[in-house]
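Novice: Letter by letter, the chains look like this.
2 protein chains.
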Amino acid sequence: MGRWEPNARGRLAQAALTLYAEQGFEQTTAAEIARSAGLTERTFFRHFADKREVLFYGSDSVLDLLVQAVAGAPPAAGPLDAVSAALQAVGAVIQETPEPARLRYAVVSANQELRERELAKLAEFAAAMAAALRDRGVPELAASLAAETGTAVYRVTFARWIAGQAQPDLPELLRESMAELREVFTDRLLGSPAS
Amino acid sequence: MGRWEPNARGRLAQAALTLYAEQGFEQTTAAEIARSAGLTERTFFRHFADKREVLFYGSDSVLDLLVQAVAGAPPAAGPLDAVSAALQAVGAVIQETPEPARLRYAVVSANQELRERELAKLAEFAAAMAAALRDRGVPELAASLAAETGTAVYRVTFARWIAGQAQPDLPELLRESMAELREVFTDRLLGSPAS
Numbered sequence: 010m011g012r013w014e015p016n017a018r019g020r021l022a023q024a025a026l027t028l029y030a031e032q033g034f035e036q037t038t039a040a041e042i043a044r045s046a047g048l049t050e051r052t053f054f055r056h057f058a059d060k061r062e063v064l065f066y067g068s069d070s071v072l073d074l075l076v077q078a079v080a081g082a083p084p085a086a087g088p089l090d091a092v093s094a095a096l097q098a099v100g101a102v103i104q105e106t107p108e109p110a111r112l113r114y115a116v117v118s119a120n121q122e123l124r125e126r127e128l129a130k131l132a133e134f135a136a137a138m139a140a141a142l143r144d145r146g147v148p149e150l151a152a153s154l155a156a157e158t159g160t161a162v163y164r165v166t167f168a169r170w171i172a173g174q175a176q177p178d179l180p181e182l183l184r185e186s187m188a189e190l191r192e193v194f195t196d197r198l199l200g201s202p203a204s
Numbered sequence: 010m011g012r013w014e015p016n017a018r019g020r021l022a023q024a025a026l027t028l029y030a031e032q033g034f035e036q037t038t039a040a041e042i043a044r045s046a047g048l049t050e051r052t053f054f055r056h057f058a059d060k061r062e063v064l065f066y067g068s069d070s071v072l073d074l075l076v077q078a079v080a081g082a083p084p085a086a087g088p089l090d091a092v093s094a095a096l097q098a099v100g101a102v103i104q105e106t107p108e109p110a111r112l113r114y115a116v117v118s119a120n121q122e123l124r125e126r127e128l129a130k131l132a133e134f135a136a137a138m139a140a141a142l143r144d145r146g147v148p149e150l151a152a153s154l155a156a157e158t159g160t161a162v163y164r165v166t167f168a169r170w171i172a173g174q175a176q177p178d179l180p181e182l183l184r185e186s187m188a189e190l191r192e193v194f195t196d197r198l199l200g201s202p203a204s
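Protein chains in written order, with my numbering: chain A, 10 to 204; chain B, 10 to 204.
Some hints could be false.
Simulated DEER-style distance windows between Cβ atoms [stated by the list, open to error]: (1) 148(B) / 140(A): 30 to 38 Å; (2) 33(A) / 73(B): 40 to 48 Å; (3) 47(A) / 73(B): 32 to 40 Å; (4) 16(A) / 44(B): 34 to 42 Å; (5) 33(B) / 140(A): 25 to 33 Å.
Honestly, the hints are just simulated from the structure, not real lab data. The model shown is predicted, which means the values in this text are computed figures rather than measured ones. Yeah, the Cβ is synthetic: ideal placement off N, Cα and C, and Gly gets one too.
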């Protein structure tokens, strides 16, 4: 046991996700979350500015991970390879404990304001990866295109992972998606109506 | 002159954009917009539900244009070709009267809530194009990847067009970006640090 509330932040985050998923984001109060975690509302607000922040407080470390992975990709890696490696690094972290990510996705998807905020976060991730690519010497346009494309691939793949349409390993699904997009760019016949 | 206010909607939209750009979205009231257009506040609210809607009311017709262009692409066109054609069709419309689009971009960029709403609209466009691709017989994953990638390319290119870093023809810039991304997918050397 720590000095005060051991792992209060983690307990609050888990309680919040569970309650949001069970009864809806809008219907859940900070006081309920705190009570469910065995803590006080005051403690909740010591750790999170508001109910929404519980869903986004991890995004700073995701952004750091993405930027470090882009920067740390082998020198010979192309921009999309570096971006793919970064997204797979995040995918591997999520895959370790998938349940919170699945709950979070359900909560965010059910609320227009949260969906819009999520898209803004992804746009920040893309901008940060583009900057990291430029630091590697990638020209401006190629850097932006690779970062935004990678982020688009991530969105599509994450939804696919959630839907469980294929095996559940997120990094592997990301590799598959990137390979598929590469084919879309090269295989003209894909667009022909099936007949 | 029509029965009541001729072209009230267009006049209100133009007055709103001008005022938002001059004095900020938040600082502008519906009454000011109406006055500036020579109309009443009641007329404003007959045409738009709120101040924000003026900035998004055109998006339904953009969506229709995108879907029709994807559906109408030649049968042999690949999914990214069909998406490119659709985005270029929208780009051509914007290029005809670029000033409102530039003003609108400045207003939306300056406001977090509007930026998030804009990203949500782009996500709707991507989903609609993916559905139109599936109707062409494109498999689910390829359809989503092509639509989301195309939308990502559009975002990057539109910002480039606004920044005026190249010649100002939006459809041509879109073609360039798509060609550049195709190279990013094939040219491994682009990522090497310039040395």
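Novice: Compare the structure with each hint and give your call.
Specialist: Each hint tested on the structure:
Between residue 148(B) and residue 140(A), the C-beta spacing of about 34 Å keeps the proposed range 30 to 38 Å intact. Checking the proposed 40 to 48 Å range against residue 33(A) and residue 73(B) shows it is violated: the Cβ atoms sit about 33 Å from each other. Residue 47(A) and residue 73(B) have their C-beta atoms about 53 Å apart, which leaves the hinted 32 to 40 Å range violated. For the hinted restraint 34 to 42 Å between residue 16(A) and residue 44(B), the CB-CB distance of approximately 57 Å leaves it violated.
The hinted range of 25 to 33 Å is satisfied by residue 33(B) and residue 140(A), whose Cβ atoms lie roughly 28 Å apart.
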